[in-house]
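S.K.: Sequence:
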Amino acid sequence: MVKTENFEKVEVSSTAELRDWLHANHTQEESVWLVTFKKSIPGKYVSVSEVLDELIAFGWIDGIRRKLDETRTMQLIAPRQTQHWSKTYKDRANKLVKEGRMTQAGQESIARSQQLGLWNFLDDVDALVKPDDLLECLKQHKGALAFFDALSPSNQRFILRWIKLAKTGKTRQKRILETAVLSSKGEKMKGL
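All residue numbers for the sequence shown refer to our numbering, where the first residue is 1 and numbers rise by one.
Since the hints were derived computationally from the structure, they do not count as laboratory data. From a predicted model like this one, the values you see are computed outputs, not experimental measurements. Keep in mind that the hints are not guaranteed to be accurate.
[What the hints assert, rightly or not] Straight line, CA to CA, 30 Å or less: simulated DSS-like cross-link-like pairs of lysine-lysine:
id, residue 1, residue 2
1, Lys-98, Lys-87
2, Lys-130, Lys-39
3, Lys-44, Lys-67
4, Lys-38, Lys-130
5, Lys-90, Lys-142
6, Lys-174, Lys-164
7, Lys-164, Lys-188
8, Lys-139, Lys-95
9, Lys-67, Lys-130
10, Lys-90, Lys-164
11, Lys-130, Lys-185
12, Lys-67, Lys-98
13, Lys-170, Lys-142
14, Lys-188, Lys-142
15, Lys-67, Lys-38
16, Lys-98, Lys-39
17, Lys-190, Lys-167
18, Lys-170, Lys-190
19, Lys-87, Lys-67
20, Lys-130, Lys-188
21, Lys-98, Lys-139
22, Lys-190, Lys-67
23, Lys-87, Lys-170
24, Lys-139, Lys-188
25, Lys-9, Lys-39
26, Lys-9, Lys-67
27, Lys-174, Lys-188
28, Lys-130, Lys-44
29, Lys-67, Lys-188
30, Lys-87, Lys-190
31, Lys-164, Lys-95
Make a model of the complete structure from these sequences and hints.
M.R.: Given below as structure tokens:
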């Protein structure tokens, strides 16, 4: 687990301030806490969506978000390294390109991800394609496939991503079996 308490805090009160900071600092390697104001401070509020657009435009990624105090939150942000791109992030990046808001750093981040196979890695997950091993296991547990198919798309996507990101074959099989067993009981995964 990464220790986050010693990271620099960068406070912004407009998208222009965030863009200026990213322009000056996008090449740094260290993560920082981005401090933004809550909606209750309308003159200084920067939405999560606006933050995400600026981060992607400069090749950065968002992380955990926490309450800082009554009027501010802080979110861990960092240069994108080897993270996979979900459909929503790719759609957002494509929109930024079309709008002319994507920087060279953002373009380079996309190109690097494409070269490493990270850009399309989750396409099957985003399309809700069940891998053969999961499908077989669901079929072997009475009622599991019907229950899984009845889950919302976001719940299915969560499970499919969790299975796909398993680091070992053993972990993958354990996750598949857990999914099938819970589904056969009509139970959702914890965290859904």
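S.K.: Each of the hints needs a verdict: does it hold here or not?
M.R.: Cross-check of the supplied hints:
| no. | hint | verdict |
| --- | --- | --- |
| 1 | Lys-98 / Lys-87 | holds, 16 Å |
| 2 | Lys-130 / Lys-39 | violated, 39 Å |
| 3 | Lys-44 / Lys-67 | holds, 16 Å |
| 4 | Lys-38 / Lys-130 | violated, 39 Å |
| 5 | Lys-90 / Lys-142 | violated, 37 Å |
| 6 | Lys-174 / Lys-164 | holds, 12 Å |
| 7 | Lys-164 / Lys-188 | holds, 18 Å |
| 8 | Lys-139 / Lys-95 | violated, 40 Å |
| 9 | Lys-67 / Lys-130 | violated, 37 Å |
| 10 | Lys-90 / Lys-164 | holds, 18 Å |
| 11 | Lys-130 / Lys-185 | holds, 19 Å |
| 12 | Lys-67 / Lys-98 | violated, 34 Å |
| 13 | Lys-170 / Lys-142 | holds, 23 Å |
| 14 | Lys-188 / Lys-142 | holds, 15 Å |
| 15 | Lys-67 / Lys-38 | holds, 10 Å |
| 16 | Lys-98 / Lys-39 | holds, 29 Å |
| 17 | Lys-190 / Lys-167 | holds, 20 Å |
| 18 | Lys-170 / Lys-190 | holds, 20 Å |
| 19 | Lys-87 / Lys-67 | holds, 27 Å |
| 20 | Lys-130 / Lys-188 | holds, 17 Å |
| 21 | Lys-98 / Lys-139 | violated, 44 Å |
| 22 | Lys-190 / Lys-67 | holds, 24 Å |
| 23 | Lys-87 / Lys-170 | holds, 27 Å |
| 24 | Lys-139 / Lys-188 | holds, 17 Å |
| 25 | Lys-9 / Lys-39 | holds, 20 Å |
| 26 | Lys-9 / Lys-67 | holds, 13 Å |
| 27 | Lys-174 / Lys-188 | holds, 16 Å |
| 28 | Lys-130 / Lys-44 | violated, 44 Å |
| 29 | Lys-67 / Lys-188 | holds, 28 Å |
| 30 | Lys-87 / Lys-190 | holds, 24 Å |
| 31 | Lys-164 / Lys-95 | holds, 27 Å |
When the structure is compared with the earlier hints, violations turn up for hints 2, 4, 5, 8, 9, 12, 21 and 28 and for no others.
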